[in-house]
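In case you want the letters, here they are:
Number of protein chains: 2
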Amino acid sequence: MTTNRQIIFKSRPEGWVTPDTFGAREVPLPGLGERDVLVRAIYMSLDPYMRGRMDAAKSYAAGFQLGEPLQARVIGAVAASRNSDYAEGALVFGTLDWADYTLVPGGKGLRAIDPAAAGVPLTWHLGALGMPGMTAWVGLGFAEPTHGDTLFVSAASGAVGQIVGQIGRLRGCRVVGSAGTDAKVDFLKNDLGFDAAFNYRTAGPDILSALQAAAPGGLDIYFDNVGGAVLEAALDAANRFARFVECGMISQYNLTRDETPGIRNMTHVVRKAIRMQGFIVSDHADRRADFEAEMIPWLKAGKVKYRVDVAEGLENAPTAFIAMLKGGNFGKQVVRIGREP
Amino acid sequence: MTTNRQIIFKSRPEGWVTPDTFGAREVPLPGLGERDVLVRAIYMSLDPYMRGRMDAAKSYAAGFQLGEPLQARVIGAVAASRNSDYAEGALVFGTLDWADYTLVPGGKGLRAIDPAAAGVPLTWHLGALGMPGMTAWVGLGFAEPTHGDTLFVSAASGAVGQIVGQIGRLRGCRVVGSAGTDAKVDFLKNDLGFDAAFNYRTAGPDILSALQAAAPGGLDIYFDNVGGAVLEAALDAANRFARFVECGMISQYNLTRDETPGIRNMTHVVRKAIRMQGFIVSDHADRRADFEAEMIPWLKAGKVKYRVDVAEGLENAPTAFIAMLKGGNFGKQVVRIGREP
Numbered sequence: 000m001t002t003n004r005q006i007i008f009k010s011r012p013e014g015w016v017t018p019d020t021f022g023a024r025e026v027p028l029p030g031l032g033e034r035d036v037l038v039r040a041i042y043m044s045l046d047p048y049m050r051g052r053m054d055a056a057k058s059y060a061a062g063f064q065l066g067e068p069l070q071a072r073v074i075g076a077v078a079a080s081r082n083s084d085y086a087e088g089a090l091v092f093g094t095l096d097w098a099d100y101t102l103v104p105g106g107k108g109l110r111a112i113d114p115a116a117a118g119v120p121l122t123w124h125l126g127a128l129g130m131p132g133m134t135a136w137v138g139l140g141f142a143e144p145t146h147g148d149t150l151f152v153s154a155a156s157g158a159v160g161q162i163v164g165q166i167g168r169l170r171g172c173r174v175v176g177s178a179g180t181d182a183k184v185d186f187l188k189n190d191l192g193f194d195a196a197f198n199y200r201t202a203g204p205d206i207l208s209a210l211q212a213a214a215p216g217g218l219d220i221y222f223d224n225v226g227g228a229v230l231e232a233a234l235d236a237a238n239r240f241a242r243f244v245e246c247g248m249i250s251q252y253n254l255t256r257d258e259t260p261g262i263r264n265m266t267h268v269v270r271k272a273i274r275m276q277g278f279i280v281s282d283h284a285d286r287r288a289d290f291e292a293e294m295i296p297w298l299k300a301g302k303v304k305y306r307v308d309v310a311e312g313l314e315n316a317p318t319a320f321i322a323m324l325k326g327g328n329f330g331k332q333v334v335r336i337g338r339e340p
Numbered sequence: 000m001t002t003n004r005q006i007i008f009k010s011r012p013e014g015w016v017t018p019d020t021f022g023a024r025e026v027p028l029p030g031l032g033e034r035d036v037l038v039r040a041i042y043m044s045l046d047p048y049m050r051g052r053m054d055a056a057k058s059y060a061a062g063f064q065l066g067e068p069l070q071a072r073v074i075g076a077v078a079a080s081r082n083s084d085y086a087e088g089a090l091v092f093g094t095l096d097w098a099d100y101t102l103v104p105g106g107k108g109l110r111a112i113d114p115a116a117a118g119v120p121l122t123w124h125l126g127a128l129g130m131p132g133m134t135a136w137v138g139l140g141f142a143e144p145t146h147g148d149t150l151f152v153s154a155a156s157g158a159v160g161q162i163v164g165q166i167g168r169l170r171g172c173r174v175v176g177s178a179g180t181d182a183k184v185d186f187l188k189n190d191l192g193f194d195a196a197f198n199y200r201t202a203g204p205d206i207l208s209a210l211q212a213a214a215p216g217g218l219d220i221y222f223d224n225v226g227g228a229v230l231e232a233a234l235d236a237a238n239r240f241a242r243f244v245e246c247g248m249i250s251q252y253n254l255t256r257d258e259t260p261g262i263r264n265m266t267h268v269v270r271k272a273i274r275m276q277g278f279i280v281s282d283h284a285d286r287r288a289d290f291e292a293e294m295i296p297w298l299k300a301g302k303v304k305y306r307v308d309v310a311e312g313l314e315n316a317p318t319a320f321i322a323m324l325k326g327g328n329f330g331k332q333v334v335r336i337g338r339e340p
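For the protein sequence lines, the chains are A and B, in the order given. Note that numbering that gives the first Met the number 0 has the first sequence beginning at 0, numbered continuously upward. Note that numbering that gives the first Met the number 0 has the second sequence beginning at 0, numbered continuously upward.
Simulated from the structure, these hints should not be mistaken for laboratory data. Possibly wrong hints are sitting among the right ones.
These stretches of chain A come out as covered by chain B in the derived footprint (C-beta under 8 Å, 3 or more residues) [to be verified]: (1) 244 to 252; (2) 271 to 279.
If you want a taste of the chain B side facing chain A, the calculated C-beta under 7 Å gives, among others [unchecked claim]: (3) M248; (4) V268; (5) Q276.
Which stretches of chain B does chain A cover? Using the computed rule of at least three CB atoms under 8 Å from a CB of chain A, they are [to be verified]: (6) 67 to 79; (7) 260 to 267; (8) 278 to 290.
The beta-carbon is built from N, C-alpha and C at its ideal position, and this holds for glycine as well.
Only chain A is shown next, with the shape it has when bound in the complex:
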């Protein structure tokens, strides 16, 4: 462990992310100052919001710096420490480099794994129990789901969507999902207990018909992860007083304003008295204890399941990220960088 592999932000993408967006380098491991912690990465989380951090325009997350390592949520083990809060070998989370190792000055921003969650697979701490799971839980709260509501979630087999649908069922909703392959649709119906699901790609231009067939009574809640044509269909299929949770719009992230096919049926928002609530989960960090109090028992009891898509090796992280933005992942995307202890 005398050198450290890093993936750097080589060039800013215009439109789709490409292999040219990324560079690789090896650098010497730095020495540790007082209270510094060196973390060895085990699993790294890849999430769609990271695309926004690649744009020069202001995003809600601080932008990535060109020529510097990209960053992500990582779960790792303390490899060296001059900080009594973090013993060598301890498992920790942090927003760390796309790298084998990250030096964390003063241990700032690290967080130990919740002992209450012992026994939950390590990768789930980046998903069901991590930012995506909390995103699902906080976001669905805005929609105030009640027994008998029809809930539609897009990107339903993804990191957030899986949890949205399963919480929805636990709250008594009829749950409908969309996904981009037939295998994902089968997974939603057969493994996660969705009431209905459809493949938005094979639905072709008529997403609305597929949605209406899956939700003949209309939508009371739409949890939006994709924006674009699916959002338009959801507005058409919405019932009066529907609640739209605007969590993400992955179909838009790689398009310029002029390339973007706009939403043409916003008049439904008025006519159907729809409420749309956008949110960023980091604004709701104070809800973490409440989230964990509900989610950890669900996970331990098997009431909420979670599928993870593991890419092997730091060197494959760029390919996995590019594929994820096109829906190539099946479940929450993580990268295995090092061995579990």
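Given the structure of chain A, go ahead and fit chain B onto it with the hints provided.
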């Protein structure tokens, strides 16, 4: 008064309303059955939502029937009555025909004028104290305005917009309006006390620059009456946690789905954690007493002013309606059908 002039819904418009949409006829006055009331129209309200009632597609208001008289909110005088609740000569509101007279079976749906509002001009009962005023008051409530918020309202000199801006000022907001002529812009700034206003038509394609110049600190609240390009600019200019009140989208009502330029920057809803609330004022009829308790004193004290655009004569109602949909009115549009008592 042996015959009655009526304006009928002759043909359904595709796109813009035209003179061919309307027909005129004279019919004999009907006899009155027990409890029936015959109302002579004095002022009739023309409102943009009525365009939606001309479409075959479901709107929130029941559709107009082809071959039958169009309907509108009307203030009138009881011309004949077999109903002890409505004496001859009494002033009443109702949803009545575009006509000199309407027979109201059983007096159903009529409402007497609130005595507390005596002294307020009769036309204001269709505007500041009517559906448009209550729309402004209820809608702005969704945005939870607080002192120091920047509030932007479109169609700001219109029936609803005038009230929105003035309530906003009374709530301590900095108020910015857009309108379609320089005279309207002057009216907003000089007569209604708006802090800033701009002409969206002369702003040309760069509505955003005009909006940013008028609201350099960004928008905390957008009260949307128009949709389309102004909504897109408001999303661009919005601050984090902005509240959008979706009241109407008059720029869209005469366009087919394919003609509609969509909203291309909905990702701001996510990134800026924007809440959009659509509403229909008739869902909030239970708030009328609270609305009147606040609005009547404001009107009587001159704290809220109201400009009315009066078209003269039932026969000119179609022309006035067509002009209103293109922004030709200056203030709340009404039609004077008969003399005040």
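Checking each numbered hint in turn, tell me which of them this model violates, lowest number first. Of the numbered hints given earlier, the structure breaks just one, which is hint 6.
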